[in-house]
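From first to last, the protein sequence lines are chains A and B.
Here the first sequence is numbered in this note's numbering, starting from 1 and rising by one per residue.
Here the second sequence is numbered in this note's numbering, starting from 1 and rising by one per residue.
Everything labelled a hint here was simulated from the structure, so no lab data went into it.
Below, a sample of chain B positions facing chain A; criterion: calculated Cβ distance under 7 Å: (1) GLU195; (2) GLY196; (3) MET267.
Remember, it's a predicted structure, so these values are computed and weren't measured experimentally.
Every residue gets a Cβ at the ideal spot worked out from N, C-alpha and C, and that includes glycine.
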Amino acid sequence: MGKVAVLTNDLQYDLVNKNEERIRAIEEATPSFSRFLNEIRRRGHHVLHLQLVNLPDDPIAERYEGRLPAQRGTQGVEILPVFLDESDILVEKNKDSGFFETDLHERLQSLGVDTVIVTGMQGQICVQTTAADAFFRGYNVWVPSDCVVSARDKDRIRALDWLDGYCATVAESDEILRTLDVEGGLPRKVFVTP
Amino acid sequence: MDGNRVLTGTRSFAGRQIVLDHGTGARLSRELVEYVVAVLGDVYIGQMEDSAVLSVAAGQLAMTTDSFVVDPPFFGNGDVGKIAVCGTVNDLAVIGATPKYLTLGMIIEAGLPVAALTRVLESIRETARQAGVLIVAGDTKVVRPGEADQIYLNTTGIGVFERTPLRMTDVRAGDQIVLSGPIGNHTVHLLSVREGLGFESRVSSDCAPLNGLITEAFESVEDGAVRSVRDVTRGGLAAVLHEYAKALGAGLRIDEQALPVDPEVKMACDMLGIDPLNTANEGCVCLFLDPGAVERVLAALHSHPYGRRAVVVGEVADDTESAVRMRDRDGHIRILEELQGAELPRLC
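Here chain A stands alone, though its shape is the one from the complex (with noise of 0.2 Å):
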């Protein structure tokens, strides 16, 4: 079996502080995801915070009360410490899906990577997206369902839903490490193109 690696998405201050219920939905998660990275890293599996940079020239991103978050140079575009490791890798994208017109897939490629498990906020989208482009490239994925963060828990559902019938293996983040040290890896789920 090829390696595994964890994809998290926008950790960042900025984007976590947005609104209350932002903030409410990470520190609800915060323990189980904290931990669960913490396992994979015990395990020597790879970290990779995928860190939004909002462009200053990008007219589609989305300004807050029309102040552009997430510039980079400002603290607001840094991962919040409780998520973030010296040993982790930090991979800039612009958009949404991580591999956007980025090095992901290169990175992945050349740590050997054939499994992704993807996290982070918001799940409807940012989790979505990165779920769906590492589908297409041939990735296994798979998605610990408590550690995707969406500002509304029904929006959270309904990503895991969609990921869970479409792309991705989706279980608790304990019986993924559970499957990881029975079976030493992470079995590819089969979808049917209808």
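On the provided structure of chain A, position chain B as indicated by the hints.
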């Protein structure tokens, strides 16, 4: 026009950007026009007079115009230039006309790299060649940065009739509704390029000039058997169906199971919370056919590169209720409501 001067102008444009002075009517404006003409090559037959003078046979003409404000203007397998030719060519073709001439209006944002303009012009040239149309007149305007998004285009098209013009009201009860190809690809591709959704390499825009395909359909059956054709663009198939239902004062029935929707498009639409029926396309037409002509038209469509996946998706009902009904995958029939406005993607 002096060929040497054009060549000199072409060279001097390399690596430059469009500036406001390219739109002032002075020397730089002339150089821009000369550059445009040089890149368009043999598809441009304008004489640089104030109007084009065209020879056409006596009879009816078809004429249409459309403006193209595409976000993003450049995408994986095309750009606004390709869409600007296809959109107008297809509008002429679906009414039964043979597209002949286009005009080309360009509103360019100052700062646009000449390389980007060249890409658009080359797309226009290649697509016009494919469609068999000539560009007979044009206009360029340059606006300040921020007043436009890179480049906006307008094309006006003229077509001639080699058959009776088609009318929506010729459609009858029992007519079969055929789609020439899958729906949703253009919307998913553009949204994916715009937002970085990860589908852009799996789903391409369907943008294509369909006049050749439509001609094949006409020529496969007797005059009148192709009752009406409509290109499935903004508003999607749902808008087309509602338009016909209202114009005809009759109901339309479609079968969800029969709709050609690629798995990746369904996947993206489910993620975004949009219905493929409402998505814009740039290379798909909806044909209303005499039931006795369906097999022959489908065979003709299937033999054309842009019609390989043509399929019957429904029929015109024998009733007077102007409603569109869809049989879903479970066999349930529901009324397809008309959208009040844009169905916005659910983005984070």
